[in-house]
Each structure stands twice: as C-alpha cells, then as structure tokens.
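Could you build the full structure based on these sequences and the hints that come with them?
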Amino acid sequence: MSSGLRISRTVLRSSSPVLSLLTTQTLRCSATAAAQTTEQNQRLKTFSIYRWNPEAEGDMKLPVMHKYQVDLNDCGPMVLDALIKIKNEQDPTLTFRRSCREGICGSCAMNIGGTNTLACLARIDTNLSKKTKIYPLPHMYVVKDLVPDMNNFYAQYRSIEPFLKQKDASKLGKENFQSVADRQKLDGLYECILCACCSTSCPSYWWSSDKYLGPAVLMQAYRWIIDSRDEYQKERLDRMNDPFSLYKCHTIMNCTKACPKGLNPGLAIAELKKMLASHNSAEVASPKPAAQ
Amino acid sequence: MSIITRVALRKSYGVCNPMNPACSQVYNSALKSTGSAQQQMDEFWAKNKETNRPMSPHLTIYKPQLTSMLSITHRATGMMLAGATCAFAAATVIPGAAECALQTANYLHGSMLGSLVLFDIKMCLAWPLTFHVCNGVRHLIWDSASGLSLSSVYTTGWAVLLSSLVLAALFTLVMQ
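Which chain is which? The protein sequence lines are R and U, in order. Going by this note's numbering, 20 is the number at position 20 of the first sequence; the sequence numbering is gapless. Quick note: to get this note's numbering, add 292 to the position in the second sequence (first position is 1).
Please note: incorrect hints may appear among the correct ones.
Within a straight-line C-alpha distance of at most 30 Å, the following computed DSBU-like cross-link-like pairs (lysine-lysine) qualify [stated by the list, open to error]:
no.: 1; chain 1: R; residue 1: K211; chain 2: U; residue 2: K355
no.: 2; chain 1: R; residue 1: K85; chain 2: U; residue 2: K355
no.: 3; chain 1: R; residue 1: K87; chain 2: R; residue 2: K131
no.: 4; chain 1: R; residue 1: K144; chain 2: U; residue 2: K341
Derived by calculation from the structure, the hints in this document are not laboratory data.
Here it is as structure tokens:
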C-alpha cells in the first residue's frame with residue numbers, strides 16, 4: 001500500500017545512512033504484511049490548535065483549543081505537514097493559509113510553540129510527552145481558526161510606497177545603473193517575504209498597530225530609502241517624521257528573533273532612526289524656505 | 293499578438309501608459325485598489341470593530357524570550373527608579389520623613405531578621421538601579437546601530453544580567 005512505502009521514506013530520512021539499507025529491506029517487507037500500523041508502533045504527538053468559527057452559535061461563539069493526535073510515523077517533519085494531515089484525515093474544517101510549503105511565500109505564518117514562524121519551516125518537536133500549541137499570529141483580528149486579517153499590515157506596506165520613484169523624467173525607460181557596493185546595501189532587506197512574523201511578535205505593534213508601522217514595513221521603508229536608484233529619499237524620511245510611525249520602536253528586538261528568514265528588522269530600524277536624526281538636524285541647521 | 297489582445301491591453305492601461313516615455317506620472321491606478329492606503333486602514337478598523345471577530349491571544353501565549361523580558365524589566369526598573377526618586381525628593385521636603393526612613397532602616401538592622409534577609413532586601417533596592425544602568429548603556433550602544441545582530445543581543449543581554457547582579461551585590465556588601 002502506498003502509505004506503507006511513505007512510512008519507510010519518512011523513517012529513512014531520520015535514520016543514519018548505514019542503517020537505511022537494512023531498514024529499507026525490513027520495512028518494505030513489513031509494509032506489505034501490516035497494512036495498518038499497530039497501536040504500539042504509533043508515535044502520537046498532540047497538537048493543541050486555536051479554533052474559532054465566525055458562524056458559530058451559542059456557546060461555540062468563543063475561541064477554543066482543540067487537541068489533535070498525529071502519528072509522526074506517518075507524517076512529514078514540518079508542522080504544516082501535520083496541519084494538512086489533520087485537515088485531510090481528521091477535521092476538514094481546520095482553516096489555515098498555506099501555499100509554497102518551502103518558506104518563501106509567507107502564507108503559513110503562525111504562532112507555533114509560543115514563537116512566530118512559518119509552519120512549513122517549523123520542525124515538529126518529536127518529544128511526544130509535550131503538546132505543540134498552535135495559535136494565529138498574535139494580536140490580530142481572527143477571520144477563522146488560524147487565519148488573521150492581514151489588511152492593515154498590507155495597507156501599511158502600501159503607505160510607504162514600496163516602488164522605485166524618480167524625479168528625473170529623462171531616466172524613464174533607461175536602465176538604472178547601480179554599483180556592486182550599492183546593490184550590496186540591499187542584501188538582507190530585499191529578501192523579506194512579508195510574512196508578518198516580526199511585526200506580530202512586537203509588543204509595541206500589538207498596542208499601536210493603528211499608527212506604528214511595525215518592523216516588516218519599516219525594514220522595507222529602509223530598503224527603498226537606501227536604494228541608490230531611488231530619488232525620493234527626503235520624502236520617504238519625512239513620512240516617518242511623527243511620534244508613532246517609526247518611534248514607537250523601543251528596540252525590544254523580538255522581531256529579529258522571530259524572523260523565519262534570518263533577517264534583521266531591528267537593525268534596519270536603528271539605521272532608519274540614525275538617518276532621520278541627521279535628516280532632521282540638517283533641516284534645523286539649514287531650513288529650506290516654504291516651497292511654492 | 294493579435295489586434296484584439298493589443299486593443300484590450302491598451303484599454304486596460306488607460307490614459308497613463310508606462311510604456312509611453314512622455315507619461316512621467318507614477319502608475320498608481322492599481323487593478324484592485326479600494327482607495328488610498330489610509331482609506332484601506334480606516335476600512336480595516338471600521339470593519340473589524342463592527343464584527344465580533346476575536347483578537348488572537350498575545351501576552352498569554354507568546355514565549356518569554358530574553359529580548360522581550362529584558363526590555364520589560366528595563367521599563368519596570370525605570371518606573372521603580374522614578375518612584376524612588378520622587379520618594380527621595382518627598383523625603384527632603386516633608387518634615388520628619390527622612391528621620392522616619394532612617395528609623396525604619398535602624399529598626400530592621402536591629403531586629404531578629406538574619407543577615408541573609410537583610411541582604412535580600414538591600415539587593416531589591418540596589419538591583420533595579422544597577423540593571424537599569426547596565427541595560428541603559430546597552431540601549432545607548434544600540435542607538436548607534438551597533439551590537440544589533442541576534443547573537444550580540446543575546447550575548448550583551450546575558451552580560452547585562454550578570455553584571456547587574458554582581459554590581460548590586462557589590463553595592464549591598466560594600467556600602468555598609
């Protein structure tokens with residue numbers, strides 16, 4: 001049976017290369033013999049998952065934690081594999097976002113084991129005595145189960161105008177030359193997949209998500225400010241010149257800890273603050289007369 | 293490309309065609325825009341306030357990490373120090389307050405409380421100060437955008453915790 005072969009492959013992944021040859025032989029034999037894993041062979045892991053149904057009635061109106069048990073012998077190594085398995089075999093109503101299953105799209109961002117990560121990159125903790133708790137991204141309005149309302153996050157991203165802007169109309173249609181050094185400045189910034197793990201890990205963003213932009217959006221703002229091809233540096237910095245947009249960052253550094261892609265939004269924000277400080281002191285030193 | 297597809301494409305671009313070099317305006321009529329970014333944000337808050345959607349849990353479920361725990365301790369110790377400074381200022385103006393404080397200290401020293409308990413009490417007074425100062429230095433270094441890699445944050449974090457305890461113990465034992 002195909003599931004038997006699948007078992008052998010998942011066990012092979014975790015066993016050493018020396019043993020793999022032996023296990024292949026024995027498992028291929030046992031797979032055909034035992035169509036279903038016996039109670040003793042199962043490695044049951046408990047997942048405690050946040051559930052909320054917008055169409056719930058009466059006492060089901062409040063969010064609850066549902067426990068599911070998954071046999072790790074018959075499951076892929078990542079939390080997303082477990083979620084898909086639960087949805088396929090146990091509870092089709094379990095709702096979550098997912099797409100690429102390889103950590104590049106950012107859809108499956110959620111709070112696993114207390115920290116925000118991508119479910120497709122979070123390895124299941126094989127300690128069977130502990131249960132894995134899965135929550136949606138913190139302090140976000142919940143649409144259903146593990147799906148948060150991301151529209152505010154996207155609107156904030158849109159507000160920083162994340163595209164190349166040039167004042168010189170003669171440059172339109174021509175290639176923008178950029179030195180290797182200038183291009184290197186974008187490394188560690190452009191790779192952001194906008195999964196919102198960092199912003200939703202920031203307590204400051206929890207309390208002020210209406211006015212504080214959050215680490216993800218701020219890092220992208222920095223990315224466009226330091227892009228040598230962009231000519232709206234001053235205007236982009238001015239967009240941040242109020243008490244909340246940038247300055248609600250208190251360097252808690254939960255963002256850098258949470259980033260599943262290993263990026264450093266905290267550092268980008270610190271650089272932004274430095275740029276804004278020198279930008280403002282330059283304005284004070286030589287104030288430009290009011291335009292038109 | 294067929295003539296029909298070309299006409300359809302030209303129509304969809306509208307007046308401002310980015311292919312046309314004469315058009316220098318930013319192409320901002322996105323396909324699915326429902327207003328400006330600010331409008332979308334306002335709609336978000338309006339919509340979510342009127343629905344019964346719950347807020348996903350945050351403080352109760354997020355794993356306590358060195359980053360967030362040291363940050364909140366910095367804030368808490370800061371508030372404690374502000375309170376202590378106010379109390380000190382009050383003691384200078386309120387008649388008899390300073391003597392009352394001294395009497396309390398002398399009483400505690402003369403009481404049945406062991407030296408270990410007294411040490412702990414003094415540590416509770418000294419540690420908020422030393423922690424806030426050490427972490428404050430760390431914050432000042434961060435303001436120059438250095439030491440912000442995750443490994444540096446953790447290394448300096450543990451260093452601040454350790455040094456604050458050592459300094460507090462030093463103050464408590466030396467200042468007799």
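Check the hint pairing R:K85 with U:K355 against an upper bound of 30 Å on the C-alpha distance.
26 Å, holds
Straight-line Cα separation of R:K144 and U:K341 no greater than 30 Å?
16 Å, holds
Below or equal to 30 Å on CA atoms is what counts here, so check R:K211 against U:K355.
25 Å, holds
Taken at face value, is the distance from the CA of R:K131 to the CA of R:K87 at most 30 Å?
18 Å, holds
The structure shown violates none of the earlier numbered hints.
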